[in-house]
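Visitor: Top line first, the protein sequences correspond to chains G and A. 55 is the number of the first residue of the first sequence in our numbering; add one for each residue after it. -5 is the number of the first residue of the second sequence in our numbering; add one for each residue after it.
Among these hints, one or two may not hold up.
Partner residues aside, some chain G positions facing chain A, computed with beta carbon under 10 Å [said to hold, decoys possible]:
1) GLN91
2) GLY94
3) PHE99
4) SER112
5) SER116
6) LEU151
7) PRO158
These are computed hints drawn from the structure, not numbers from a lab. Each residue gets a CB set at the ideal place from its N, CA and C atoms; glycine is no exception.
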Amino acid sequence: DTGVSQNPRHKITKRGQNVTFRCDPISEHNRLYWYRQTLGQGPEFLTYFQNEAQLEKSRLLSDRFSAERPKGSFSTLEIQRTEQGDSAMYLCASSSLTGEGNQPQHFGDGTRLSIL
Amino acid sequence: AQSVSQHNHHVILSEAASLELGCNYSYGGTVNLFWYVQYPGQHLQLLLKYFSGDPLVKGIKGFEAEFIKSKFSFNLRKPSVQWSDTAEYFCAVNVVRGSTLGRLYFGRGTQLTVWP
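For reference, chain G alone in the conformation it holds in the complex:
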């Protein structure tokens, strides 16, 4: 079962550095989502793609954050000039949009980011 794959699993970096995460969705899924989860909270939506088009971005996604899905397959999430407040688990999910509507999202294991 090839589920949603995220790399790396853990990332530790110094404040001010740039980081990039990768997400490989389930192959037949055309929708890809990024969420952020901090301790004691549920996941918060960041952005999502349908194929290669970025259809929605949350206000949480400041200008230091950028996401791409260049060929409608894998996606990257980059954070520039990281800050302490960026420490969180970054989750990727994918789903398919069928004639019956938006199907349930399948989540990856996440990338845990720690800012020193």
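Once you've looked at the hints, dock chain A against the given chain G.
Guide: Same frame as chain G, but now just chain A:
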């Protein structure tokens, strides 16, 4: 503000006890409703979903949930819990119409601990 509320942050039960976890949401219009479960060290997994039809939905591992539209609620139930049900449970809402078609809104989660 629109939100998803999970009333219990931590529930502790003995095996064979009955479980009910509350979830209320404040979004108007048509919604899809989900419960996700996160076992220790694992990714979020879909427990059950409601799209339309019978408001009583059954999921995996003996869980069920009832959608009560008038109360904006989608409570999760299980008649008899097992030690292996120890996990964190998240309620999530997808608004079907409007500008936020793709995102899930999550509650903050309920940690369930089952003592053997």
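Visitor: All the hints need checking, so say for each whether the structure fits it.
Guide: Verification of the supplied hints:
1. GLN91: holds, 8 Å
2. GLY94: Constraint on G/GLY94 satisfied, holds at 7 Å.
3. PHE99: holds, 4 Å
4. SER112: With Cβ-Cβ at 8 Å, under 10 Å, it holds.
5. SER116: It is violated, given that the least Cβ distance between G/SER116 and chain A is near 17 Å, above 10 Å.
6. LEU151: holds, 9 Å
7. PRO158: Holds - the Cβ of G/PRO158 comes within 10 Å of chain A, reaching about 5 Å at its closest.
Going through the hint list in order, the structure does not satisfy hint 5, though it satisfies all others.
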